[in-house]
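**Q** In case you want the letters, here they are:
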Amino acid sequence: MSLIAVVTIFILAIFVGLEVISKVPQTLHTPLMSATNAIHGVVVVGGLFVLGHADSMGMKLLGTAAVLFGTLNVVGGFVVTDRMLEMFKTRKRGDK
Amino acid sequence: MNPEALRDWIDVGYLVAAGSFIMALKLMNTPSKARHGNWVAMGGMAIALIATLLSPGMGNWEWIIGAVLVGTVIGAVSARKIEMTAIPQMVALLNGLGGGAVALIALFEFMDQTNKGITPDVVQSVTTVLSAIIGSISFSGSLIAFGKLQEILPGRPIAFKGQQIFNLILVIAMLGLALAILAFGHPTLVLFLSLLGAALVLGVTGITPIGGADMPVVISLLNSFTGCAAGLAGFVLSNNALLIGGGLVGASGLILTLLMCTAMNRSLGNVLFGAVGAVTSGGGSASALAGKQPKSYTPEDVAILLNNANSVVIVPGYGMAVAQAQHQVKELADKLAHLGVDVKYAIHPVAGRMPGHMNVLLAEADVPYEQLYELEQINPLFPETDVVLVIGANDVVNPAARYDKTSPIYGMPILDVDKARTVVVLKRSMNPGFAGVENELFLMDNTVMAFGSAKTTVSKISAALDAI
Numbered sequence: 001m002s003l004i005a006v007v008t009i010f011i012l013a014i015f016v017g018l019e020v021i022s023k024v025p026q027t028l029h030t031p032l033m034s035a036t037n038a039i040h041g042v043v044v045v046g047g048l049f050v051l052g053h054a055d056s057m058g059m060k061l062l063g064t065a066a067v068l069f070g071t072l073n074v075v076g077g078f079v080v081t082d083r084m085l086e087m088f089k090t091r092k093r094g095d096k
Numbered sequence: 097m098n099p100e101a102l103r104d105w106i107d108v109g110y111l112v113a114a115g116s117f118i119m120a121l122k123l124m125n126t127p128s129k130a131r132h133g134n135w136v137a138m139g140g141m142a143i144a145l146i147a148t149l150l151s152p153g154m155g156n157w158e159w160i161i162g163a164v165l166v167g168t169v170i171g172a173v174s175a176r177k178i179e180m181t182a183i184p185q186m187v188a189l190l191n192g193l194g195g196g197a198v199a200l201i202a203l204f205e206f207m208d209q210t211n212k213g214i215t216p217d218v219v220q221s222v223t224t225v226l227s228a229i230i231g232s233i234s235f236s237g238s239l240i241a242f243g244k245l246q247e248i249l250p251g252r253p254i255a256f257k258g259q260q261i262f263n264l265i266l267v268i269a270m271l272g273l274a275l276a277i278l279a280f281g282h283p284t285l286v287l288f289l290s291l292l293g294a295a296l297v298l299g300v301t302g303i304t305p306i307g308g309a310d311m312p313v314v315i316s317l318l319n320s321f322t323g324c325a326a327g328l329a330g331f332v333l334s335n336n337a338l339l340i341g342g343g344l345v346g347a348s349g350l351i352l353t354l355l356m357c358t359a360m361n362r363s364l365g366n367v368l369f370g371a372v373g374a375v376t377s378g379g380g381s382a383s384a385l386a387g388k389q390p391k392s393y394t395p396e397d398v399a400i401l402l403n404n405a406n407s408v409v410i411v412p413g414y415g416m417a418v419a420q421a422q423h424q425v426k427e428l429a430d431k432l433a434h435l436g437v438d439v440k441y442a443i444h445p446v447a448g449r450m451p452g453h454m455n456v457l458l459a460e461a462d463v464p465y466e467q468l469y470e471l472e473q474i475n476p477l478f479p480e481t482d483v484v485l486v487i488g489a490n491d492v493v494n495p496a497a498r499y500d501k502t503s504p505i506y507g508m509p510i511l512d513v514d515k516a517r518t519v520v521v522l523k524r525s526m527n528p529g530f531a532g533v534e535n536e537l538f539l540m541d542n543t544v545m546a547f548g549s550a551k552t553t554v555s556k557i558s559a560a561l562d563a564i
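Line by line, the protein sequences are chains S and P. Oh and the first sequence: position 2 is 2 in this note's numbering, straight run, nothing missing. Oh and the second sequence: position 115 is 211 in this note's numbering, straight run, nothing missing.
What the hints contain is simulated information worked out from the structure, not anything from laboratory work. Since we're looking at a predicted model, the values are computed, not measured. Errors might be hidden in some of the hints.
Listed next, the in silico EDC-like pairs over lysine to aspartate or glutamate satisfying Cα-Cα at most 16 Å (straight line) [unchecked claim]:
hint: 1; chain 1: P; residue 1: K212; chain 2: S; residue 2: D55
hint: 2; chain 1: P; residue 1: K440; chain 2: P; residue 2: E480
hint: 3; chain 1: P; residue 1: K177; chain 2: S; residue 2: D55
hint: 4; chain 1: P; residue 1: K122; chain 2: S; residue 2: D55
hint: 5; chain 1: P; residue 1: K129; chain 2: S; residue 2: D55
hint: 6; chain 1: P; residue 1: K440; chain 2: P; residue 2: E470
hint: 7; chain 1: P; residue 1: K440; chain 2: P; residue 2: D482
hint: 8; chain 1: P; residue 1: K426; chain 2: P; residue 2: D438
hint: 9; chain 1: S; residue 1: K60; chain 2: P; residue 2: D541
hint: 10; chain 1: P; residue 1: K129; chain 2: S; residue 2: E86
hint: 11; chain 1: P; residue 1: K177; chain 2: S; residue 2: D82
hint: 12; chain 1: P; residue 1: K129; chain 2: P; residue 2: E158
hint: 13; chain 1: P; residue 1: K556; chain 2: P; residue 2: E427
hint: 14; chain 1: P; residue 1: K388; chain 2: P; residue 2: E158
hint: 15; chain 1: S; residue 1: K60; chain 2: P; residue 2: D208
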C-alpha cells in the first residue's frame, strides 16, 4: 500500500471514531468502553500475521505471546460486554 | 484461486470487518440496540480473523491454534465467571493485554527486520517505535489500574517527591532513545529494549499518583491508547483491519473519556495530574462537627423509621455492590412498596466504579427501570423525602463537594441526601471512601448510621419490617 493511502485510511478512521460516539446515555458508558476495548483486540490479527511468518524459536514464542494476549483481549472483552448488555435486556422485560 | 485474487478477497474481508466495527459502535449508542451492536462487532472480528488465517505464506499452525485455543478458553471462562462487581478491573486487565500484544508485535517486527538485515523506511520505523511506546505504557498502566481496583495496591494515590519531574525526564529519555533508534541505520536491540523498559516504567509512575476513584477515566484513556497503538501497528504491518479498528477505538475512546470526565465535573488534566485524595483530611470545614460521635441505629430502629415513612430514596454505592446486596435491597424495596411507601433509587453518574456500573448491577437484581432516577431528576426531590437509605455510598453523598474548596472532591456533582428529613447510612465502618476523604454527612443531626455488612444489615431490616 502506498503511504498516502495508509495515512488516508487511518485519518478517516479517526474522524469516524470521533463522530460515532455522540450522546451516549451514562448507562452505556461502561459497556461501550468494554466493547471498544474488545475491538482494539483486533491487534490479534497482527499477532497472527507475525506468528504465521516467524522462523526461529524466539520469534515463535514472541508471536505466540502476542496472539495469546490479543485473543484474551478479544474473547474476554466481547463476553464481558455481552454479559453486561444481557442485564439490560432483563431490565426491559421487567418494564413490560 | 490465484494469489492476487486471494489478496483482494482478504482486503474485502478486512473492509467488512471495519464496517461492522463502525456499525457496532453506532448501535451501542442506544440501550435497546446495544447488545446487537456487540454481536455485529463479534461477527466483524471473526471475519477479520478468518481473512488473516487465509492470507498466503502463513505457517506455524500448531503454534497459532495452540495460542488461539488457550486464549479463547481462558478469556471466555474468566469473563463468564467474574462477578459483575469486578468488571472494571477485568476491563483494565484485558486492555493491558491488548497493549502488551501491540508492544510484542512491534518488538517482533524490529527483531525481524534486524535479523533479516532489512532497513525499514522512515514511516515504518517511526510507527514501530511509537506503537512500542504507547503499547507498553498501556500495558503497565492498565496493570496498575487493575491492581488498584482489585485492591492489591492501595487505592489512594502513591506519589514520591518530584514524581512529575521524574516522569518528565523519563519522557525526554524516551524521545532521545527513539531518535537514536531512528537515526542509526542498524539500531541495536539493547536500545529498543531500553525504550520498551522506559515506557513500562512511565506507565507505572504515571498512574500510581492517580486515586482509585479515578481509575475508570484512566482505563478509558488507556483504552484509547491501546487503540492508537493498534492503529500504528496497522502502519507497521500495512493492515487495514488494524488501521481502521485501531484508529476508530483510539478516537472514540478519547471521546468516551472526555464524556466520563464531564460526568464527574472534572477536566482530564485534573484527573491525571491533580493527585486527588493525596490530602486525606477533608479540609478545615469539618471542624464544626469535630469531636461529634455518629448516632448508631440498630436494624430494628431503621425498620421502624422506614415503616413510618411515606417516601424513601435508596442510594446504592459500591459498598452495596461489593457485599452483593442488590437482591436483598430489591427485596426490602418491594416490601416497602407493598406497605404503600414510595420507593425510588438515586443513581449517581459514577456510582459503582464506572459510569453506568450501578445500572448494570441493579438490572441484575431485576430492579424496575422506572424506579431509577438520575442525579438531576432526584436532587430536587430530596427536601420532600422522609428517609434516604445510603447503602455503601460515600463520596457521592459528601456535602463538602458543594462548598469546601479545599476538599479534593470539590465541584463533583453529588446527591443532596443531607437535605432529606432523615438519612440512614449503612456502612461497614467510619473509614473514608475510595477517594480517601472524610465525610461530614455521617455526623450531621439528621443522619443515623447502621454499621455492618450491607447484605446482613439490609436482611435484618427486612426481617424487622416483617415483625412490625
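**Q** Out of the numbered hints, which ones does the structure contradict?
**A** Violated hints (numbers, rising): 3, 4, 5, 9, 12, 14; every other hint is consistent with the structure.
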